[in-house]
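Participant: The lines below spell out each chain.
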Amino acid sequence: MNLQLEGFHAIVANAETEAGGAVARALAGEGARLSLDGSAEAAAAADRRSPVGAAVFVLPPLPEGGFASLEAEVVRQALQQVDAVAGLFKALAPAMQARGFGRFLFVGPVEAKAMTARSADLDRTVGLAVLGLMKAMSGELGPHGVTCNAILWDSGRTGAERSRILTATGAMTAYLASPLSGFLTGLVVGVDDARQGGVF
Amino acid sequence: MDLGLTGRAAVISGGSKGQGLATAEALLAEGCRVAIAARTPETLQAAAAQLEAQAPGRVLAVAADMTDAADVDRVVAAACERFGGVDIAVSNVIGHVIDPASAGPHAGYFTDTPTSEYAVEFKQLLLSAWLLVRAVIPGMKARGWGRIFNIASGSAREPQWEIPHILPNTVRPAVAAMHRSLAVELAPHGITVNNMLTGPIATQRMIDYFTWLAKDTGADVDALLAERYRQLPVRRPGQPEDMGRMIAFLCSQQAAAISGQSIAVVGGRLRHIY
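Chains as they are written, first to last, in our numbering: chain A, 1 to 200; chain B, 1 to 274.
A couple of the hints might just be wrong.
[To be verified] Partial list, computed: chain A residues near chain B (C-beta under 10 Å):
#, residue
1, Leu5
2, Lys113
3, Ala171
[Unchecked claim] Covered stretches of chain A (chain B as the covering partner; in silico rule of three or more C-beta atoms under 8 Å from a C-beta of chain B):
#, stretch
4, 92-103
5, 127-138
6, 160-168
Everything labelled a hint here was simulated from the structure, so no lab data went into it. We put the CB at the ideal spot given by N, CA and C, even for glycine.
Given the sequences, and given the hints that come with them, work out the whole structure.
Facilitator: The following block contains the structure:
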């Protein structure tokens with residue numbers, strides 16, 4: 001399947017993380033050109049140099065634990081990830097709207113929609129806040145050819161299972177970054193071997 | 001992206017038109033062999049000829065009623081004989097009929113719909129999917145690989161109460177729940193199961209439905225459709241290929257960990273966050 005990503009310019013924020021690496025490899029494997037600084041300022045500059053087709057924000061690993069045990073400063077820093085995603089929208093959405101094409105993608109933990117066994121209150125809170133933002137933006141940007149989708153991966157697996165989940169996470173991200181996926185927006189796709197969540 | 005599907009064999013019920021046909025085209029484009037099943041021989045043969053022109057020697061067409069156990073078994077047996085097994089099963093049997101003169105179940109609101117039509121809708125949507133899954137699972141388990149899809153409706157997740165849709169609003173969630181359960185049960189065998197929620201995709205069936213609705217309500221069909229599209233974030237209808245491509249991708253080796261999902265190919269119509 002030709003995803004039409006040859007020469008496509010994509011930003012991958014937090015590509016140095018495990019999931020970020022999987023996403024970057026999948027996009028590069030399809031011929032995309034990558035910018036790896038996901039800050040709002042760098043994204044705006046990258047877009048001025050060469051129009052950005054897709055911005056992928058990969059949530060970095062957040063401190064584990066329940067809220068009762070977390071320091072306030074740790075929580076505050078984690079919540080800044082939501083600001084970072086909003087910053088990407090601010091930096092890129094106007095130009096994407098003007099061009100009538102764009103893809104925003106969030107790659108986060110499956111805990112954003114499922115109560116897994118992991119003690120991961122920050123993953124849940126930050127992840128779900130970003131999902132809310134993504135969904136809201138899917139409605140706002142949809143009329144302008146800009147889609148917003150999320151991929152949630154199960155980081156609780158090990159070995160070959162983990163490798164398969166990371167491969168699927170990267171591939172799904174590449175598919176949703178593709179010009180072929182313009183009718184798909186507001187999605188949350190779990191990559192978890194059917195382990196997490198309810199019927200929906 | 002090489003999806004790794006060359007030589008895989010698929011069975012698609014309701015494969016002669018719309019999203020079923022588009023799925024067949026997408027899978028053939030990836031090197032699969034495809035058996036399509038549908039009730040009406042003329043439509044089926046026309047679709048088969050179209051697909052055969054795309055992929056000579058890789059298409060099988062079997063006229064069948066996919067709500068009938070013997071017919072389903074016959075389709076799967078024919079596919080196994082021709083292709084050596086079934087790796088991919090796509091359930092795309094339609095539910096309620098649009099033409100009021102046809103045998104039911106019919107499009108309608110709760111107050112318009114006889115109790116007896118619920119049983120028919122369950123037969124169309126749930127029984128047909130269950131029979132197909134039941135027939136293909138043993139072979140998939142034996143090979144340790146399989147992909148199962150239920151082409152459902154967005155109404156499985158969010159009821160459409162603005163149109164006469166009580167039957168799918170009721171039955172589609174049940175079919176989705178069955179496939180979600182199957183996803184867990186079959187995951188240890190390398191088989192993924194996903195619900196594909198469809199929405200305003202410009203198939204002839206959707207046009208026919210809104211033409212009937214316009215006639216029934218005295219509205220203008222173009223105005224009805226325009227309003228329908230205006231409510232979508234993407235402001236336009238999808239194409240059957242949007243569904244076909246998505247299913248082909250989910251069949252891939254790369255997508256082996258994506259299972260138990262309900263993937264909405266609906267132009268952003270559904271409003272829930274997840």
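Participant: So which hints don't hold here, by number, going up?
Facilitator: 4
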